[in-house]
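Participant: Here the protein sequences line up with chains Y and U, keeping their order. Here my numbering is used: the first residue of the first sequence is 1325, the next is one more, and so on. Here my numbering is used: the first residue of the second sequence is -4, the next is one more, and so on.
Source of the hints: derived by calculation from the structure; they are not laboratory data. Some hints could be false.
List time: in silico DSS-like cross-link candidates among lysine-lysine, alpha-carbon distance up to 30 Å [what the hints assert, rightly or not]:
1) Lys1440(Y) x Lys426(U)
2) Lys1453(Y) x Lys1489(Y)
3) Lys1442(Y) x Lys366(U)
Simulated restraints, written as ranges between beta carbons of each label pair [unchecked claim]:
4) Met417(U) x Tyr1410(Y): 56 to 62 Å
5) Lys366(U) x Lys1436(Y): 30 to 36 Å
6) Leu108(U) x Lys1442(Y): 40 to 46 Å
7) Leu286(U) x Ser1383(Y): 39 to 45 Å
8) Lys1436(Y) x Glu54(U): 54 to 60 Å
9) Val1536(Y) x Cys371(U): 36 to 42 Å
10) Gly1564(Y) x Asn336(U): 43 to 49 Å
11) Lys1436(Y) x Pro87(U): 28 to 34 Å
12) Asp1501(Y) x Lys366(U): 38 to 44 Å
13) Tyr361(U) x Lys1442(Y): 45 to 51 Å
14) Tyr1410(Y) x Pro87(U): 42 to 48 Å
15) Lys1436(Y) x Gly88(U): 30 to 36 Å
16) Pro1438(Y) x Gly88(U): 52 to 58 Å
Note that CB positions come from ideal geometry on N, CA and C, so glycine has one too.
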Amino acid sequence: MLKINELKASIDEAQILKGLNLTINPGEVHAIMGPNGSGKSTLASVLAGREDYEVDGGSVDFEGADLLDMDATERARAGLFLAFQYPVEIPGVSNINFMRAAVNGKREHEGKEPIKGKDFLDMVKEKAKLVELDGRLRNRSVNEGFSGGEKKRNEIFQMAMLEPKLAILDETDSGLDIDALRIVSEGVNAMRSPDRSFLVITHYQRLLDYIVPDFVHVLVDGRIVRSGGKELALELEEKGYDWIKEDVTA
Amino acid sequence: MMDTAKPQVMDRPKKSVKLAASQQQGEAYLAAVEAVLGSARNDYDAALAALPVPHRRVERWKYTPVASWWTDVSSTGVCTAAEAGCEPCPVPGMDAYRLVFVNGCFDAAASDLPVHPGVTCMPVSQVSHEQPVDNDQPEHAEWFAAINGKFGREGLFLRVAKGVVLDRPILVHHHSSGSGVANVLRHDIAMEANSEVTVVQWSSAAADANGSLNALTRVAVGENAQFALDKVQDEEGQIRHVAFEDIRQARGSRADVHTVTVRGQWVRNDLTFRINGEGAHAELNGTFLPLDGEFVDNHTTVDHRVAHCTSSENYKGILYGKSTGVFNGKVFVRPDAQQTNAYQQNANILASDQASMNAKPELEIYADDVKCSHGCTIGQFDEEALFYARSRGIGMEAAKAMLVHAFIGEVLQGLAVPEVRMEVEHRLAEKHRWETFNDDPGA
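Hey, can you work out the whole structure from these sequences and the hints?
Facilitator: Structure (structure tokens):
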């Protein structure tokens, strides 16, 4: 599905990723944890194609294609989805028009006709149920005036609409209360399948109680310094990150 | 009483800043227009002699180059829509009365005048009296408006009697064709108390047209009357378009003017509201999206002369290529105009690093118990929003079109006639090659 090899990336001449390796197979859920400033969100941004970042080296293979060679639109159409840590508000663009443009973009890529109005509305109805997205939020401007929880639910709703092959969740748990966390996680879990993979980026172990990962990686200073099963997350929760940092420098 | 208010507040030129070269060019232009259009009135000659021909040192023309005006005026052009090959009604499906003016001539065959009790509507050329011109009107302040006064003999003449609500909008269609034409149109509207009327003013021009259009619209809005003007400028060819609207409002009236510049090589709009009666509301919105080489200038004046009135203004521009925009929004609140609530917003997006926008809000407030707010921005497309849309698989151009639509949407929504809004959206999409945008996801 995804193979990251010795990825190096910088922003404003500051090197953030310093040779990162990660392989994700179909159906797997990987969690990336790490202290603040370790490069977690940079990894998500670089994978999604944010142009502020400079890739200085390494390669990323996505489904047999060179991911770094595609622009953000092409990556999304190829099946990559990023749930934003801070979803963007777009005043004046209704959520539903936004999603229809997105769905039709993907369909165009697949050589399909634009979706019919009724089919689209049926799809919206079905996917909105997954995250209990209120009907009125669908017709409002994208994320405008949404609460933190509503924004994150909207991200998962969009993910459900686009049915990506690989979904990256960038600190989706930040700003969520326990109920919203449950709803968002249930939405994600309902989408788990043998051919869909997830990369869950989080600072806290809490989210991983709900979305149980197959693998946990610890990112420190732009590199993955330790990988393990879900128990690694619990160990981190208990001991904090300092233990790993010391371990690494030792 | 208000005319004695101190300090002197209207921004009409106090001292003449004439420039010999400009005066000469203006006089040559005047002679050429006279040669083509023939016998003119002489009651504006004093104004013409007193006013400076615009140039860059005249404050209100600082960013508005007029050199393109000093080209040949050589013909009157054809006089009918049939000869010009233009569709009398540019808005499909709009049920409206219609007056068509081709190269400044009234085309009776292409027109459809209202027959309605309490409504007098005819071409100005068939009327012996027009509204008297007062000293505050643009004819006494702007050289181009004085030209309009001198040569304008055709246009819409409309009188609406007390309490009459016209059942359909009136479409005033200006069309220019041919080479070296100078169109001068003068519209004269007076509405009595409690009447309601909506006017659509649509300017078009043939792709090979070359010349100018000078249009002046005077509207007296009576007590508690409601006036709406949808003004659309969609001119192909090389047309210089100068337009003046002078709107006078009586007590409790409402006047809305929505100006959309779809296409235009050179456009200057000069819109003035004089609010003379308490409880009146003025609404003025506009949008312009010039492409490479186009020039669009909106000068607006809202003159709050009495207490308890409101005004709301919203102009939005997106400038592409090497285009230039000007916005100058003047709001006067005179000493007697207490409890005024005036709002002005002007937001602009530079879609190219070669486009330029000259924006200037000007608020002059002489009353102390008022609420006036204004905002003026010049920025770029929201990169975060673009990336967000692209990360959902929306292409860059489609994402930009979406943001544009969102940005100008509120102005387009304000247009009084829904069919006009739809046609404007269609034409903007065509001009900018956007994929058409459907607001109804069930369609």
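Participant: Next, verify each hint and record whether it holds.
Facilitator: How the hints compare with the structure:
{"no.": "1", "hint": "Lys1440(Y) x Lys426(U)", "verdict": "holds, 27 Å"}
{"no.": "2", "hint": "Lys1453(Y) x Lys1489(Y)", "verdict": "holds, 21 Å"}
{"no.": "3", "hint": "Lys1442(Y) x Lys366(U)", "verdict": "violated, 48 Å"}
{"no.": "4", "hint": "Met417(U) x Tyr1410(Y): 56 to 62 Å", "verdict": "violated, 36 Å"}
{"no.": "5", "hint": "Lys366(U) x Lys1436(Y): 30 to 36 Å", "verdict": "violated, 54 Å"}
{"no.": "6", "hint": "Leu108(U) x Lys1442(Y): 40 to 46 Å", "verdict": "holds, 45 Å"}
{"no.": "7", "hint": "Leu286(U) x Ser1383(Y): 39 to 45 Å", "verdict": "holds, 41 Å"}
{"no.": "8", "hint": "Lys1436(Y) x Glu54(U): 54 to 60 Å", "verdict": "holds, 58 Å"}
{"no.": "9", "hint": "Val1536(Y) x Cys371(U): 36 to 42 Å", "verdict": "violated, 53 Å"}
{"no.": "10", "hint": "Gly1564(Y) x Asn336(U): 43 to 49 Å", "verdict": "violated, 57 Å"}
{"no.": "11", "hint": "Lys1436(Y) x Pro87(U): 28 to 34 Å", "verdict": "holds, 31 Å"}
{"no.": "12", "hint": "Asp1501(Y) x Lys366(U): 38 to 44 Å", "verdict": "holds, 39 Å"}
{"no.": "13", "hint": "Tyr361(U) x Lys1442(Y): 45 to 51 Å", "verdict": "violated, 59 Å"}
{"no.": "14", "hint": "Tyr1410(Y) x Pro87(U): 42 to 48 Å", "verdict": "holds, 44 Å"}
{"no.": "15", "hint": "Lys1436(Y) x Gly88(U): 30 to 36 Å", "verdict": "holds, 32 Å"}
{"no.": "16", "hint": "Pro1438(Y) x Gly88(U): 52 to 58 Å", "verdict": "violated, 24 Å"}
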